[in-house]
Amino acid sequence: MANRALDGVGGFLDDRFRGAKSFRTLFKKIFPDHWTFLLGEIALYCFIILLLTGTFLTFFFQPSMTDVIYHGSYTHLDGIRMSEAYASTLNISFDVRGGLLMRQIHHWAADLFMAAIFAHMLRIFFTGAYRKPREVNWLIGIVLLTLGMLEGLFGYSLPDDLLSGAGLRILEGVMQSIPIVGTYLAFFLFGGAFPGHLIIPRLYILHVLLIPGLILALITAHLFIMFHQKHTQMPGKGRTDKNVVGAPLYPYFMAKTGAFFFFTFAALALASTFAQINPVWLYGPYTPVAMSAGSQPDFYMGMLEGALRVMVPWEWNVAGHTFSFNVFLPALLPLGIIFTAAALWPFIEQWITGDKREHHVNDRPRNAPTRTALGMAVITFYGVLWLEGANDIIADHLNIALYTTTRIAQVSMFVAPVLAYIITKRICLGLQRKDLHLLEHGVETGIIRQMPSGEFIEITRPVSEEEQAKLAFPARPPGLPAPDSADENGIPAPGTRGAIGKVRARLNTILTESVELPGSNGHTNGHGADGSGQAQDEPEHAAVPAGGVPDGSQEIAPGAGQADSGSSGDDAPDQ
Amino acid sequence: MRWITARRRHPAAGYAIVLLTLVAIGLGYAALTGAGSPASASAPAPGQQQIARGQEIFARNCASCHGLEAQGTAVAPSLIGVGAAAVDFQVSTGRMPAAEQGPENVRKPPVLDTSQTLEVAGYIASLAGGPAIPSPEQVSTAGADVAVGQELFIANCAQCHNFVGAGGALTYGKFAPALTQATPTQIYEAMLTGPEAMPVFNDTTMTPMNKRDIIAYVTATRTEANPGGFSLGRIGPVTEGLVAFLGLLLFMVVAALWITAKQGKPREHE
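Heads up: the sequence lines are chains A and B, in that order. Note that my numbering has the first sequence beginning at 162, numbered continuously upward. Note that my numbering has the second sequence beginning at 264, numbered continuously upward.
Chain B extracted, bound-state conformation:
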């Protein structure tokens, strides 16, 4: 107390107070916004050089729709804050760069290779953070429970993606794609970021463990053998009806034609 009382009328005191206040505000701002540290830091933070390359690739392939600063335009949304996971999902499934404006972008061979994708993802993440690309451990199905995954999948995913993830139609030309080619990382990223018409299943709605259960169910079911024979596409009774008519009934008609083709001598009766 006496120390402050003795110096508070010092000519430099005013400057010292202003300086201290500025430093405090600066530190407080840095602490509250969390700028410079990504929300989930599981993937190694990309270096400055990588971000610069990412920006370059972005400018060549993406900026025409998303804007030079990824701020979005009339035809494409802003990418600020979407995170590396969203970029990795869209680019690694070939949906981005989009071929055309339509109700929904379709899966196609990716235009950018893996390292380019990671560079763009790093650049977008560097703008404002967002969900990071999950690590291989996060998407690993080791120890995951397929049965729990089945329950969760039927309750949360099947209404659009069908009971085994064969896909289904949505409104206005949109659709839930088949999950036959999706990698575990892509499935995880889709749940995390909710691409196209899909809702976001964040870590509170769907715990990371449950996400792994779902991945385990999807990947196990698509490789699961069909004990009953040919699967007929696993899309429900529509193909079964087709087989009943075009297979069974047609076969029986041919059999009937064959059996009656040879007529005995006609006889008359009553």
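Looking at chain A on its own, in the form it has when it is part of the complex:
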């Protein structure tokens, strides 16, 4: 049935573009299925919705800081002086048909876009999906996240309401805090003293043209690379680093992903109908002398806000120059370190583990306890600063003294990540031991049997093949040669020599700490102190292509394990 439809579409395209074969291949491309694989899609669909609603908003928005007297439908601001940008935002909200809904969809979509990117990125990190060969796509993802934050900040600044202006004021302060050149940079951006009359037109063109263009280009690259490298899959029966098990693009994946677009759209439309976002008419037009309690940025900038709030007042004055470490350090360091470390992590991990293999099957987070613990530590650090960004709201609503919240954040930003690291690592190792117990002793059935000798035993049954493949997937990297260990010619391997070699060996011990599962690579508990681990790896490694697909380019029949591999690509996708 699906085949007939496929033939129809293929026939139509072939008649016109003479590409039946490539279209067929495209349509039959297999995509693995797991709910976490859809997190990135949420971001993609939000971006599409952002482009559509954003285009609508540009029809009515005036990116101008010229003063006007407002006489629109919102009588509470009648006769008030404001910028044209703010007045046109009020018009979109109150006088343009459907304008408020569009504004709200645009803003909720921006929030969901960023939330989905965060979730997607965490999924990639915790399952190790950034590993070779996908490091470049990981880097593109980090650039996309950064661009998304900038795009959101600029969009938030455009309506020229009280909170936008406050955000721009902070942006100006952060720029000015850059030593030596800061004042000039701020002057160049604002075209003079804050706020001037140029910043909104400038941010507008960045917001509607440059950054969306870059994001669109990078998303395209992101998707093409993903398509070309094939999607990773979760460990399971018959899934190896040499194959992809899942459903074909047409019709299954297309139907699912199409439906998922409508889920995203529906969620945003519902949220925008029932939950008010960014009521700029209540904030009032921006004036540099005014400020409101509870002035927060959108959530994706909240961590930076918290970093500014948590900082102690350090300031130097050297030879007439002020060095505002109280602004410069918190604005740059916490997020800068996290992003730089995230970008370098795939390469750091490769260097520490010496694992240069390709990975197409994801790790279960518990099977990489140190990586998972590091990720949780970063999340905790981020989360503490994030909460601190809302500390006045927390203080007000939970009846905690304001400075107490800051003091708690100042301590816990250092202590909590360490605790999170230790706790997460213990949980992961515990879960691994549970897996090991299941694999070795089977599932407890709850049936107690008395033996003829009078002894009582509990009957267990072995875990299913499916479960076993999942639990015992070989996730461990190969061992690392010991520091200064000589090869057969008596020459120490590069990267193992001297102090750096010792550091690397030490890091390797920490990073690969894991419970030995029966399916894991054979080397001893992560120390890699001898070459035997390497040697034991080999047969395991070789077994995959032997039982699987030698050239790694074949499609496998429905429901097949590895034994069925190698059958032709013309298999009917449906019976």
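I should point out that these hints are in silico values taken from the structure, not numbers from a laboratory. Possibly wrong hints are sitting among the right ones.
Looking from chain A toward chain B, a few residues come up when the C-beta cut is under 8 Å (computed) [stated by the list, open to error]: (1) Gly240; (2) Val441; (3) Gly455; (4) Asp459; (5) Ile554.
Covered stretches of chain A (chain B as the covering partner; in silico rule of three or more C-beta atoms under 8 Å from a C-beta of chain B) [unchecked claim]: (6) 248 to 262; (7) 423 to 429.
Note that the Cβ used here is the ideal one computed from N, Cα and C, for glycine as well.
Given the coordinates of chain A, assemble chain B onto it according to the supplied hints.
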């Protein structure tokens, strides 16, 4: 001249001079201090009887902290000269009598009823005057300009009370309360007397008309419908972020779980 020259050596002249001087000093003192006439006399001056009742209520409810003569103690300030408006604000919002010593007194159901409050206010005003309770005309929003009120509120009040008066945190456990329950009279009294951490906005800083504009803005905004849907508390982007994560993202995760729950027959590829 001749009249004075003729009598200045009269035996009674000395007594007359002393008497006249005393009277002049007495009248001058009375005129300069203005004792007996309140600073702003918009509310009817309370009678002696009412003041006496007020003093009695004060002795029962307030004197333990503020002192029997309202002179203040180590734990509470002097109330001499605070005026009837301050008493009416503190007592009618339930902040006084205070439940406990803390960084700031909170709004709660008032302990004294309206007439008792007015009696205590009359007693405190009788000690040394001070700002009077505003009349209903003074706090009326008829003819007030909401737009001007919005501008003034954002410029003067929002940095502590938030842009719609939803309240906000201050230092050391103090806070600017939400203005959701404050009556027009209470808002006026607060501006006039500056309770807790609030500055005083007297009639020269903030004209009586501007005070009415602000009252109009606060009362109009809190009843104003939210055209965009549920208001999320009107406290800025923090609750929006919560909804984005706990509402939108969670909904999408559930959708993703549902969509991938039913797996087709697995296929292998390349």
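Now for the hints, and whether the structure bears them out:
no. : hint       : in the structure
1   : Gly240     : 5 Å, holds
2   : Val441     : 10 Å, violated
3   : Gly455     : 4 Å, holds
4   : Asp459     : 5 Å, holds
5   : Ile554     : 5 Å, holds
6   : 248 to 262 : holds (count 3)
7   : 423 to 429 : holds (count 4)
Violated hint for the displayed structure: number 2, the only one.
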